[in-house]
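Participant: Sequence:
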Amino acid sequence: MSDQESKPSSGDLRDKKERVYIKLRVVGQDLPVNSLRPLFKGQRIADNHSRKELGMEEEEVMEVYQDIRSK
Numbered sequence: 001m002s003d004q005e006s007k008p009s010s011g012d013l014r015d016k017k018e019r020v021y022i023k024l025r026v027v028g029q030d031l032p033v034n035s036l037r038p039l040f041k042g043q044r045i046a047d048n049h050s051r052k053e054l055g056m057e058e059e060e061v062m063e064v065y066q067d068i069r070s071k
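Numbering (the UniProt record's numbering), first residue to last: 1 to 71.
Among these hints, one or two may not hold up.
[To be verified] Restricting the straight-line Cα-Cα distance to at most 30 Å, the calculated cross-link-like pairs of lysine-lysine (DSBU-like) are: (1) Lys-23 with Lys-52; (2) Lys-23 with Lys-41; (3) Lys-52 with Lys-41.
[Unchecked claim] Derived CB-CB ranges, DEER-like: (4) Lys-52 with Lys-23: 29 to 37 Å; (5) Lys-52 with Asp-30: 16 to 24 Å; (6) Glu-53 with Asp-30: 27 to 35 Å; (7) Ile-68 with Phe-40: 15 to 23 Å.
Since the hints were made in silico from the structure, they are not lab data.
C-beta: ideal position from N, C-alpha, C; glycine also.
Sequences and hints are given; from them, build the entire structure.
Facilitator: As structure tokens, this is what we get:
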């Protein structure tokens with residue numbers, strides 16, 4: 001997850017809507033998506049949290065762990 005993210009060009013920054021880019025690197029493929037739990041700065045992230053709400057800066061990393069309680 002420490003790979004460099006692609007950055008929008010300066011022309012993209014002038015658009016009215018904020019564009020969100022996310023780059024994922026898959027380490028394993030044998031897990032159901034609902035068993036994964038994202039964390040940012042040690043806090044769980046809800047599905048509806050935005051990057052702006054979380055105060056994420058460029059190049060910050062969100063961690064994803066398997067929730068061992070889910071089956």
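Participant: Please check whether Lys-52 and Asp-30 have a Cβ separation lying inside 16 to 24 Å.
Facilitator: Since Lys-52 and Asp-30 have Cβ atoms about 33 Å apart, the given range 16 to 24 Å is violated.
Participant: Cβ-Cβ distance between Ile-68 and Phe-40: within 15 to 23 Å?
Facilitator: holds, 20 Å
Participant: Between the beta carbons of Lys-52 and Lys-23, is the distance compatible with 29 to 37 Å?
Facilitator: violated, 18 Å
Participant: Holds or violated: are the alpha carbons of Lys-23 and Lys-41 at most 30 Å from each other?
Facilitator: holds, 18 Å
Participant: Between the alpha carbons of Lys-52 and Lys-41, is the straight-line distance 30 Å or under?
Facilitator: Holds. Lys-52 to Lys-41 sits at ~14 Å (cutoff 30 Å).
Participant: Between the beta carbons of Glu-53 and Asp-30, is the distance compatible with 27 to 35 Å?
Facilitator: Check passed, 31 Å falls within 27 to 35 Å.
Participant: Mind checking the alpha carbons of Lys-23 and Lys-52 for me, to see if they're no more than 30 Å apart?
Facilitator: This hinted pair holds, its Cα atoms lying about 17 Å apart.
Going down the numbered hints, you'll see the structure goes against 4 and 5, while the others check out.
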